[in-house]
Amino acid sequence: MLKEPHKIVSKKQLSENVFTAWVRAPLIAEAAKPGQFVIVCLSNEYGERIPLTIAGADPENGTIRLIWQRVGKTTAELADLKAEDKIMNIVGPLGNPTEIKNYGTAVCVGGGIGLAPLLPITRALKKTGNYIISIIGARTKELLILENEFKDISDELNITTDDGSYGQKALVTEPLEEVCQRSNKPDQVFAIGPAVMMKFCCEVTKKYNIPTQVSLNTIMVDGTGMCGGCRIEYDGQPKFVCVDGPEFDGHKVNFELMIKRLNAYKYQEKKAIEQYRNYKCKLEDKIES
Amino acid sequence: MTQSDDKKQLDKLLEKQRKGNLKPSDRFEIPPQPIPEQEPHKRKKNISEVALGYTETQARLEAMRCLQCKNVPCVKGCPVRIRIKDFIAAIAEGHYKKALQIIKENSLLPAVCGRVCPQEVQCQLTCTVGKKFKDPTKAVSIGRLERYVADLEQDNIQIPEIAPETGMKVAVIGSGPGGIVAAADTRRAGHDVTVFEAFHKTGGVMVYGIPEFRLPKSIVQKEIDVLKKMGVKIICNFIVGKTRTLDQLMNEEGFDAAYIGVGAGLPRFMSIEGESLIGVYSANEFLTRANLMKAYDFGKGADTPIAKPKIAAVIGGGNVAMDSARTAVRLGAQKVYLIYRRTEKEMPARIEEVHHAKEEGIDFRILQSPKRIIGDENFNVTDIECLKYRLGEPDESGRRRPIPIEGSEFHIEVDTVIMAIGNIANPLIRKTTTGLEFNKWGNIIVDENCKTSIEGVYAGGDIVLGAATVILAMGQGRIAANSINQYLKQKKKQTLRNTK
Ligand SMILES: Cc1cc2nc3c(=O)[nH]c(=O)nc-3n(C[C@H](O)[C@H](O)[C@H](O)COP(=O)(O)OP(=O)(O)OC[C@H]3O[C@@H](n4cnc5c(N)ncnc54)[C@H](O)[C@@H]3O)c2cc1C
Ligand code: SF4
Ligand code: FES
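These protein sequence lines are chains E and X, in that order.
First residue of the first sequence: 1, per this note's numbering; consecutive thereafter.
First residue of the second sequence: 1, per this note's numbering; consecutive thereafter.
Don't take each hint at face value.
Calculated cross-link-like contacts (lysine-lysine; reagent style BS3-like; alpha-carbon spacing at most 25 angstroms) [what the hints assert, rightly or not]:
| hint | chain 1 | residue 1 | chain 2 | residue 2 |
| --- | --- | --- | --- | --- |
| 1 | E | 260 | X | 371 |
| 2 | X | 233 | E | 7 |
| 3 | X | 8 | X | 19 |
| 4 | X | 431 | E | 33 |
| 5 | X | 233 | E | 86 |
By construction, these hints were calculated from the structure, which means they are not laboratory data.
Just chain E, with the same shape it has in the complex:
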């Protein structure tokens, strides 16, 4: 049962800053369930540990699918990797799986990169017989990912863009509210995306009293409950996203606090990515000259 290196089998750019790859990780592929995530770390000495959702798992081929947005240094470095390159450390599957069952009508709302974790959940919900209403959104057309995948598994599909370049010009909350107002109210909502989006989705569904699961993407270190860096305030109590989550009843999450905590290292992260870009530019200059 020796672990083998995590080779990238294939990689694709989904939009300007969003990438996807299938990576060899047989042990994780076999154990992974929808809703779980991994932690990736690119170097043993200096690497930063970042959580990424498992957007798909193929136990037969021993691969998992990762989708990430280039935001910090580690995601930028990941984006620069090619097929056949190796990722040094991947640990998982972490977190609790989504509770998949037949709720009746399930609304799956995803924004931006949040569509990645939402996909395997939606797929599993469909398999268990739910009527699936998907609402997928992005800032603009180029940033919308996984449209086809969602089309295949949705009974109804709503697409929104902030600028109206594709689908409905709206935020995902608008079609969500419409769905909530229907006479046959949906039974369960899953909302995954930027923290602000989840916050507003929860405000909508709360009004209509529809249970809403959110999947939180806090900063993490170990992913095993050891550090508490991922903690949020839930129903007034501290909870650790890595072991108590990542999914929570969105109506009880203190989003405001979570959003601030997410930004705690913004300044430092910006510096790191600038340094990495400079380093890359210099490297490219060198190669060219």
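Since chain E is already given, all that's left is putting chain X with the ligands on it; use the hints.
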């Protein structure tokens, strides 16, 4: 005293000893040898080790302070019963290899233990010399001597002999001190041993908790390298209970026995207002960012950011609190408070670390504890509100109970708060293993052989003892390994019998 004076004194003592008239009073006259250290103002700006280790002359002088007591009270104080008297005698004679061999009979990680064991409450507490001076810090410096001989070997650690392969598979879960010893000892018996570690680096708390300036990571790495050379397989990024459960390892992956050494786990918070604010860390997070991911090199290679504290308050009085406070100093904090509910006498930290912390300018605030943490509109910490305490009657632990003084609230301005008030057991193994018994605090229940309620499964270290020490974890790793070796011998006999 200069180095040549030291040398002269040593020669004189050795001469006396040769003639057979070295008296205990001569030994009492040898001053306790101070260990050379980096100056506080220098070491505050680096992460290198603080204590630099004895010179040869110092080591022998210190060893000559030992009275060679017949009843060896020091050995009784040592959790793993190292033959202290004998190894010290060997050092006094200049036989350093022999000294190390004696230590290794009982302790596998002398370079680590010599540095981090709380000797002043173990072997040095009971040492006759310390008793004579009524001061455990004046006892024979057993730990420093242990470190001295261990360091001599650092560049070519002996690889122990391995018995012929038995074909039996042992899983060691967690690569802390207990796991390392359990792996080494079961491998020596010829078993096929695999260590599973959740993190991307091995060593447990010795790597992500205890800072470089107290325990250089290269020392731990060398011990891991020895394991690898012995043929132990090490699998990092593998969480038992997630990647595979213990049940799966035992029933599907064909492991014949397992040692669980997963450590303490979840950080404790105080359940006070404001603990989720930005700038409040658990010591685990703060130290892991700094040590494991080397966040002190952020911008110079390291990718993990850490908020650079300006004014930090560390809550707690143990080793973890000292380590956090001193790490904050090294990250550039201008002011670091250490806030503790009781008095210095009750602090569980090693005396040496308390002393070092003070030298580095850490402001000890005893008989105080936070009541709430206050933040600004952006949720950044700005203040802590503390209460003053007094000591009441002793509680179950024998320590005097701290009692808050009503109405004594006051504020301290800070931007970082580090909670170092202990850990509770990680429930992961508990939740994912059938038939494993735990006590009400979530610690695994074992018998005196470290056997759990599941056949073939043994456990030790912090997950059994609660927050303990490196040496206790090591000791249990060794006991468990012995039990596993015996168990597997039985098991092999049985399978042979069955196949006949
Ligand atoms: C900051 C700090 C300072 C300390 N200072 C001292 C000191 O000066 N002297 C002293 O004697 N003691 C000290 N201690 C305590 C000492 O480090 C511990 O008692 C000791 O390390 C416990 O050893 P262990 O074998 O139980 O495992 P640990 O060292 O706790 O290691 C457990 C390992 O298991 C891994 N693990 C956990 N769960 C899983 C899982 N499910 N699957 C796979 N792997 C898993 C962890 O990642 C970890 O690497 C200190 C502790 C801390 C935190
Ligand atoms: S108790 Fe102290 S003096 Fe006596 S043998 Fe042990 S170390 Fe030496
Ligand atoms: S990431 Fe450390 S506790 Fe969750």
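Hint by hint, here is what the structure shows:
1. Note on residue 260(E) and residue 371(X): the hinted pairing holds, with a Cα-Cα distance of about 23 angstroms set against a maximum of 25 angstroms.
2. For the proposed pair residue 233(X) and residue 7(E), the alpha carbon gap of about 21 angstroms is at most 25 angstroms, so the pair holds.
3. Restraint check: the Cα-Cα separation between residue 8(X) and residue 19(X) comes to about 17 angstroms, which is no more than 25 angstroms; the hinted pair holds.
4. About 17 angstroms separates the Cα atoms of residue 431(X) and residue 33(E), which keeps this hinted pair within 25 angstroms; it holds.
5. Simply put, residue 233(X) and residue 86(E) have alpha-carbon atoms about 21 angstroms apart, close enough for the 25 angstroms limit, and the pair holds.
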